[in-house]
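Residue-level listing of the chains:
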Amino acid sequence: MTTPGRRISNRIRRLRFDHGEMTQEELAARAGCTRQTIIALEQGKYVPSIELAFKIARVFAVSLEEVFQYEE
Amino acid sequence: MSYRKFRIWKMMVVIFVSVLLGWSIANDYALVPVPAMIAGLVVMRLLKWGVKEETVDERVFSVADKAAMLVFRVFVLLSCMASATMFALNRENTDLEQAAFTLAFSVCVLLLFYYLAFIYYNRKYGG
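Taken in sequence, the protein lines are chains A and B.
When we follow my numbering, the leftmost residue of the first sequence carries the number 1, and every step to the right adds one.
When we follow my numbering, the leftmost residue of the second sequence carries the number 1001, and every step to the right adds one.
None of these hints come from the bench; they were simulated from the model.
It is possible that some hints are incorrect.
What the hints assert, rightly or not - A few chain A residues facing chain B, derived, Cβ under 7 Å:
# : residue
1 : F17
2 : H19
3 : C33
4 : T37
5 : Q43
Claimed, not checked - Derived Cβ-Cβ restraints for the label pairs, each shown as a range:
#  : chain 1 : residue 1 : chain 2 : residue 2 : range
6  : A       : K55       : B       : A1030     : 44 to 52 Å
7  : A       : R13       : B       : P1035     : 44 to 52 Å
8  : A       : R58       : B       : L1078     : 42 to 50 Å
9  : A       : E72       : B       : I1015     : 49 to 57 Å
10 : A       : G44       : B       : Q1098     : 48 to 56 Å
11 : B       : A1030     : A       : Y70       : 53 to 61 Å
12 : B       : L1111     : A       : K45       : 27 to 35 Å
13 : B       : M1044     : A       : Q69       : 36 to 44 Å
14 : B       : I1038     : A       : Q36       : 49 to 57 Å
Backbone N, C-alpha and C fix where the C-beta goes; we use that ideal spot for every residue, glycine too.
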């Protein structure tokens, strides 16, 4: 786990609402993780592995950069 | 089965195995504890098979790793301090020597296991 929330942000919550108001539970099931992990991601408390990041991006059918942003 | 139901069943299995262990220790039945614990683990594994939701993922493993590392460090440090203190107090109370040796050797075995595990995972992940 890298330092959470400081350099990497995400738009998971916005993307969920834009995709038919998908629930956290549904996103977790489709990404293969727990609902608690989705909550932690949205709160910026956890930075996912590359594998999980790709899985989440694939759920929304968008590129990785549209989901996660790296801030200098 | 939902994760919530699994947790209830898990608690019941733990309580049952704990009662069985307590009863066997109180009645000097030495052959009961190990099979009881193995049976409990098998039952929990079978129950977990039926759970549809994800119960653990990378974040849980990551958190568990951090917690385990912290506990390991604290345990080793406190055990060394306790062991040293018991050795120092040995002259006043000779029973402490055995306890001190047990604690000290436990720490040594733990450190040895950690060292071997570190070598294994370091090689596995390209070290």
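Query raised in the report: Measuring from the C-beta of Q43(A) to each C-beta in chain B, is the shortest one below 7 Å?
Result: violated, 12 Å
Query raised in the report: Per the CB criterion, is C33(A) less than 7 Å away from chain B?
Result: OK, holds: C33(A) within 7 Å of chain B, min 4 Å.
Report task. Check the following: the C-beta atoms of R13(A) and P1035(B) are separated by a distance inside 44 to 52 Å. Result -> Given range 44 to 52 Å: holds, Cβ gap about 50 Å.
Report task. Classify the hint on T37(A) as holds or violated, based on whether any CB of chain B lies nearer than 7 Å to its CB. Result -> Holds - the Cβ of T37(A) comes within 7 Å of chain B, reaching about 4 Å at its closest.
Report task. Given the range 48 to 56 Å, decide if the beta-carbon distance of G44(A) to Q1098(B) lies inside it. Result -> holds, 52 Å
Query raised in the report: Quick one: are K55(A) and A1030(B) within 44 to 52 Å, going by C-beta?
Result: holds, 49 Å
Query - Closest C-beta approach of H19(A) to chain B relative to 7 Å, hint status - result: Violated. Min distance 20 Å.
Query raised in the report: Given a hinted range of 49 to 57 Å, is it respected by the beta-carbon distance of E72(A) and I1015(B)?
Result: holds, 53 Å
**Report entry** Range hint compliance [Cβ, L1111(B) to K45(A), 27 to 35 Å]
**Finding:** About 33 Å separates the Cβ atoms of L1111(B) and K45(A), which means 27 to 35 Å holds.
Query raised in the report: Taking the least C-beta to C-beta distance, is F17(A) closer than 7 Å to chain B?
Result: violated, 22 Å
Requested in this report: Given the hint of 53 to 61 Å, check if A1030(B) and Y70(A) actually sit that far apart at their C-beta atoms.
Outcome: holds, 59 Å
Query raised in the report: Are R58(A) and L1078(B) spaced within 42 to 50 Å by their CB atoms?
Result: At 46 Å between Cβs, range holds.
In the structure shown, a violation is registered for the earlier hints numbered 1, 2, 5 and 14, in ascending order.
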